[in-house]
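Q: Each chain is listed here by its residues.
Protein chains: 2
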Amino acid sequence: LLALAPESDALRAVETPALVLDHAALEQNIAAMAAFARQAGVALRPHAKTHKSPDIAALQVGAGAGGIACATIAEAEALAAAGIGGLLITTPVLGEVKVARVANLNRIADVTVVVDHIVQVECLRDAIEAGDRTLRVVVDVDVGQARTGVTQVADVLRLVEGLAKIPQLSFAGIQGYAGHAQHILDPAERAAAARAAAATLGAVSEALAKTGRPPPLITGSGTGTHLRDAAGPYTELQPGSYVFMDADYASVLDEAGAAPPFTPSLFVLATVVSVNRPGQVTVDAGTKALATNGPPPRHLIGVGPGASYRFAGDEHGIIAIPAGQESPRLGARLLIGATHCDPTVNLHASYCAVRDGVAMRWPIRGRYGD
Amino acid sequence: LLALAPESDALRAVETPALVLDHAALEQNIAAMAAFARQAGVALRPHAKTHKSPDIAALQVGAGAGGIACATIAEAEALAAAGIGGLLITTPVLGEVKVARVANLNRIADVTVVVDHIVQVECLRDAIEAGDRTLRVVVDVDVGQARTGVTQVADVLRLVEGLAKIPQLSFAGIQGYAGHAQHILDPAERAAAARAAAATLGAVSEALAKTGRPPPLITGSGTGTHLRDAAGPYTELQPGSYVFMDADYASVLDEAGAAPPFTPSLFVLATVVSVNRPGQVTVDAGTKALATNGPPPRHLIGVGPGASYRFAGDEHGIIAIPAGQESPRLGARLLIGATHCDPTVNLHASYCAVRDGVAMRWPIRGRYGD
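Taken in order, these protein sequences are the chains called A and B.
Convert by adding 27 to the 1-based position in the first sequence; the result is the number in this note's numbering.
Convert by adding 27 to the 1-based position in the second sequence; the result is the number in this note's numbering.
So here's chain A without its partners, still in its complex pose:
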């Protein structure tokens, strides 16, 4: 299935280390998730925190996604500049400059933000100017991750009541992200965590309905729990990692023991830069090219079976070659499958996306300090 070869013409002029994207696998993943959501009758707003790429977001919207979720205002601005609508910033935004950026973005783009505290609501209200369109606000609910979100149903009701009094803002729905559930390996345990999160959102939704303010939108979920979450009460799913299907998620099996129906599409292209030690070669991809907070890289293309990668500092990795197996030559190239995709993407300034043998440079946007 894999269309990429490390020594292919398309990659010959690409300098290493490079983040390489198999466009065919990417498109297939995007189509598979879009088809799943369509069949399940649930809206799809894929998360850009994974890819930080207007080009990939455009493919997702082209395949039917109603919009794109963003972790930061910088990601949302980059997507808005590329003409992408239906933006949802999924974490509370604080700070005078950031809130002003949200208000600016609301003047030129279709954006929704989340809050988990009345102070955030007041900051947003104060930033909206006369003549601005109403800013849509979603209330973030803590569904067990204990990171952001309102923790008590009564507090959600109070927050929504507060929102209703502010003409500059409109109550757009509720969000619950069970980040803690996504990577649980045991399918039954993961399903239990996802069910508990869904039950919390269901209870909040019912309580809101009783006050006459049912949530127009119930959004959340991720690649690890999207199968279960399509059953509700979510009206919208926000999966991210499925586009790349990294090794981390590929080991998150469903209750029938099946791997997710997605194909790895993200690799790091590396060059063999030193061959002086028997049984190993050194490549130019280390901890500045591949995220370390995930499983170690396992999937190698361009070396024989049994070869393995280990980190050897910021700029290097060591490929151990089994006894009797031929070592790659100095200057040879190989592809290393990305393991934890979001932080790996965050290390690079661009993708080299390979489609039908042609390499395209796709910028990665919204880096801190940019």
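Be aware that one or more of the hints could be misleading.
Not the full set, but computed from the structure, chain A residues with beta-carbon under 7 angstroms of chain B [claimed, not checked]: (1) Ala-173; (2) Asn-303; (3) Gly-396.
With the Cβ distance kept under 8 angstroms, some of the chain A side facing chain B (calculated, not the full set) [stated by the list, open to error]: (4) Phe-63; (5) Gly-122; (6) His-210; (7) Arg-304; (8) Gly-306; (9) Asp-369; (10) Asn-373; (11) Val-385.
Chain A stretches covered by chain B per the calculated footprint, using a threshold of three residues with CB under 8 angstroms from any CB of chain B [stated by the list, open to error]: (12) 41–53; (13) 112–121; (14) 152–163; (15) 176–184; (16) 270–281; (17) 289–301; (18) 340–351.
Calculated from the structure, these hints are not laboratory results.
All residues carry an ideal CB built from backbone N, CA and C; glycine is no exception.
Following the hints, complete the assembly by docking chain B onto the known chain A.
A: Frame of chain A, contents of chain B only:
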């Protein structure tokens, strides 16, 4: 001693998370290492892999450094563009495009490269054009890290002999980087590893002298072993991390049990974005803002004693607040001391350098894919 306060005027308009630099501490560290090298009678070529910053490199050269070491051609190009000379690329460069970039850089800047194999020498030779100045080449020697470098004295002699036959290249010296020794916590064990590395370089140097080609330069070392390495045979030291003195290196004590004479200068500024859970608040700095492959962040400025940080995903961290201690308010800011400085810097596009109450934006250069 610390000049930075998270709620200071200088940082008010800085969006979070931001990589913040205490300019006074930075300058003090740069001056201290320069004074050490001067007193020890050894040349200093600080390593830019740590900071990737033309601004910091200029401060180092201004304090007397003879040049700057770089891990990649992109780092060297960024420094050359800023007018910085004495550039040494400290890892072997492979691949047609990269070698062409080295040849180009040699036309406009003062650059030296390392090799550990005759194939690299031949690639460099072929890239040098008629009329180009001679390219200086240093032979990289494996002093125990088993990553790059020549492993046998006889192979070094052969490589230097091969170099001598190529008029486009000149033999500039030898390099040995004991990366494996830098972070050994036990001072005696670290000194032993450093001594072994120095002995290897000494033996190579003597063997070269016997063939009538003594190395003009013997370069290597790092922040963890610079005290010992000043005793030779190094004629030049390449420390990097001392500029920031991260928590990782601050725990690398000398044989007398003293911490290094450098001050932490690198922090991540974060904002409290959620306060709904008792005993903890959530800040907007997680694994995309702080490197995870080092000790966990410990040094917090802006919260009471006993508060501690833990990672909570790509965009968030949790600050645990001890019982009875007041929690920071929503929107409050704090500074988190960087732990593993090189990979933390690599996550950001710029520094916010604070000098005399004024914040300056200093770009971070040479990111992969840029």
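Q: Tell me whether the statement that chain B covers the region 41–53 of chain A is true, taking a Cβ distance below 8 angstroms and needing three residues at minimum.
A: holds (count 5)
Q: Given A:Asn-303 was flagged as interface, is its beta-carbon under 7 angstroms from a beta-carbon of chain B?
A: Holds, because the Cβ-Cβ distance from A:Asn-303 to chain B comes to roughly 5 angstroms (cut-off 7 angstroms).
Q: Under a C-beta cut-off of less than 8 angstroms, do 3 or more residues of the region 176–184 of chain A approach chain B closely enough to confirm the stated coverage?
A: Check passed, 4 qualifying residues.
Q: Using Cβ atoms only, decide whether A:Val-385 comes closer than 8 angstroms to chain B, and label the hint accordingly.
A: 17 angstroms, violated
Q: Go check the region 270–281 of chain A versus chain B for me, would you? Three or more residues, Cβ under 8 angstroms, otherwise it fails.
A: Three-residue rule not met by the region 270–281 of chain A, so violated; n is 0.
Q: Are three or more residues of the region 289–301 of chain A within 8 angstroms, CB to CB, of chain B?
A: holds (count 4)
Q: Would you settle whether the hint for A:Gly-306 is holds or violated, based on the nearest Cβ-Cβ distance to chain B being less than 8 angstroms?
A: Violated, because the Cβ-Cβ distance from A:Gly-306 to chain B comes to roughly 11 angstroms (cut-off 8 angstroms).
Q: Would you say the region 112–121 of chain A counts as covered by chain B, given the rule of at least 3 residues with C-beta under 8 angstroms?
A: holds (count 4)
Q: Do three or more residues of the region 340–351 of chain A come closer than 8 angstroms to chain B, measuring C-beta to C-beta?
A: holds (count 5)
Q: Double-check A:Asp-369 for me: the hint is only fine if its C-beta lies closer than 8 angstroms to a C-beta in chain B.
A: It holds, given that the least Cβ distance between A:Asp-369 and chain B is near 6 angstroms, below 8 angstroms.
Q: Given A:Gly-396 as an interface hint, is its Cβ closer than 7 angstroms to any Cβ of chain B?
A: 4 angstroms, holds
Q: Quick check on A:Phe-63 please, does its C-beta sit within 8 angstroms of some C-beta on chain B?
A: 24 angstroms, violated
When the structure is compared with the earlier hints, violations turn up for hints 4, 6, 8, 11, 14, 16 and for no others.
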